[in-house]
Amino acid sequence: MLYDLIIIGGGPAGVAAGIYAARQNLNTLLIAKSFGGQMTRKSVDIENYPGFEKISGLDLMQKFEKHLRKNKIDIEIDSVSKVEKVSGGFYVSATSGKQFQSKAVIVTSGADPRPLEVPGEKEFIGKGVSYCTACDGPLFGDKEVAVVGGGNSGFEAAISLHSYAKKVYILEFSPQIKADEINQKLAQKYDIEVITNAAIKEIKGKDFVDSVIYQDRKSQKLITLNVQGVFVEIGSQPATSFAKDLVEFSEKDEIKIDPKNNMTKTPGLFAAGDVTDVRWKQIVIAAGEGCKAALSAYEYIINHG
Amino acid sequence: MAKIKIYSTPTCPYCVTLKEFLKERDIAFEDANVAQDAQAREEMIHKSGQMGVPVIDIDGEIIIGFDREKISKILKI
Ligand SMILES: Cc1cc2nc3c(=O)[nH]c(=O)nc-3n(C[C@H](O)[C@H](O)[C@H](O)COP(=O)(O)OP(=O)(O)OC[C@H]3O[C@@H](n4cnc5c(N)ncnc54)[C@H](O)[C@@H]3O)c2cc1C
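Which chain is which? The protein sequence lines are A and B, in order. Using our numbering, the first residue of the first sequence is number 1, and each one after it goes up by one. Using our numbering, the first residue of the second sequence is number 1, and each one after it goes up by one.
Hints are computed from structural coordinates only; laboratory data are not their basis. Be careful, since some hints might not be right.
Said to hold, decoys possible - Here are some chain A residues pointing at chain B (derived, C-beta under 8 Å):
1. 34
2. 40
3. 60
4. 61
5. 73
6. 76
7. 77
8. 94
9. 96
10. 100
11. 126
12. 127
13. 128
14. 131
15. 138
16. 259
C-beta atoms are modelled at their ideal positions from N, C-alpha and C, and glycine is treated no differently.
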C-alpha cells in the first residue's frame, strides 16, 4: 500500500503530527519503537506543559497515545532502519524486515541518551549502568549510586533516586553546577553529595557494577567511589542513523530544517522536534513543530500527489 | 497456554508497551512489580543476570527488554 504520509517516532512531535495528519484525512502510518519518547525518561513530574500543572511523564505519554489512537491512523511498533528516496516518494524499512511506501515522510525520532564512552560502560549496561532513572531507579533500593551529569536532568535523577538508594552522588565534569537553584536546594536537603571537576575514567565490577573511577581535575588524582549503580545524564544525541544520506546536519548532528515549514533538503522529507536544529527542546515545542510539519506535509502532498 | 511472568516497574515505558502488547492479543500474564517486591527483584536478577526492566519469563525462557520479534516467535503470534 502507498501511504500519503509516514511519521517516524512516537514522542510529542510524532504524536502531534499524527493527530493533525489524520484530521487532514491523510492516509497515515506512524512507526515508533515505543510511545512517549524522552518524556518517559523524566524522573520527576512535568510542570511546564500547558493544561497540566503537574503530571508524570508516563501519564502524559499515555494521554498522548490514547488521543492519537482515537484518530484514523495506522500504527506499527517497530524500529526504522532506513529511509530511501524513490520516484514518487519514499521507501521506509524497519528492523523487523517490513517495508512501507509513502509520498511524504516526517522524521520525529528525537534523541537518545549520550553515552559516556568510558571503559566498562557498555559491558555493564543493565548491570548497574542505566540511562533511564525513571525505569531502573527503583531497582537500586538500599544501594549506593552515582549520577553522572550535573545539569537539571542529573539533579532530577538524583532527587528521584534518593527515595530508593542509601547514598546518592552527583558527578559533574565542570567546576560549576548548571542545574536550577530549585534542584540544587532539593539536592542539599536530601544529602545528595555533589562532586565537581570529576572526569569519569572507568566503571568497574565483576558481574555487576561495584565502583566508578574518576579523576579530580584539580588535583589530577584518581578516586574510586564504591557504587552499585551509575546513572548517565550527560545530555542526548539526535537519532538520525536511518536518514543520513537525505538530510543536512548541524554542527550538533541535528537535522537541518527550513524553520518555516520543517522541510529538509530532500523535498517531501520533513523533520520535527528534538531531532532537528530547532533552538529549544521542550515537549510543547516538539508538539508544535510536529503540527507544523504535518500541515506542511499536507500542503506538499496536495501539490505533488 | 504458555505461563508468562513479567518483571516490571510502574514507571518504565517499555514495561507499559510490553504489557499493552500482550493485552491487545488477549495473552494472560503475571506481573511482578520489582520496585516494591524485593523477592521478585532478586528472582529477576537471578534469572536474567541483570537489573534492567522489563524481563519476561515465558515457560522458563528469559527475554530481557521488550524484544517484540523474539516474544512473537516464542508465542507464535
Ligand atoms: C530527563 C529529561 C527531562 C525533560 N524534562 C522536560 C520537561 O520537564 N518539560 C519539557 O517540556 N521537556 C522536557 N524534556 C525535553 C522533552 O522530553 C523533549 O523535548 C521532547 O520529548 C522531544 O520530543 P520529540 O517527539 O521530538 O522526541 P522524543 O521524545 O525523543 O521521541 C522520539 C520518538 O521516536 C522514536 N524513535 C527513535 N528512533 C526511532 C527509529 N529508528 N524507528 C522508530 N522510532 C524511533 C522513539 O521511540 C520515540 O517514540 C526533558 C528531556 C529529558 C531527557
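Against the structure, the hints come out as follows:
1. 34: holds (5 Å)
2. 40: holds (4 Å)
3. 60: violated (11 Å)
4. 61: Hint holds; residue 61 of chain A Cβ to chain B Cβ min 7 Å, cut 8 Å.
5. 73: violated (16 Å)
6. 76: violated (10 Å)
7. 77: OK, holds: residue 77 of chain A within 8 Å of chain B, min 6 Å.
8. 94: Hint violated; residue 94 of chain A Cβ to chain B Cβ min 11 Å, cut 8 Å.
9. 96: holds (6 Å)
10. 100: Nearest chain B Cβ about 17 Å off; hint violated.
11. 126: holds (4 Å)
12. 127: holds (5 Å)
13. 128: Given a least distance of 7 Å, the restraint on residue 128 of chain A holds.
14. 131: violated (10 Å)
15. 138: holds (3 Å)
16. 259: violated (30 Å)
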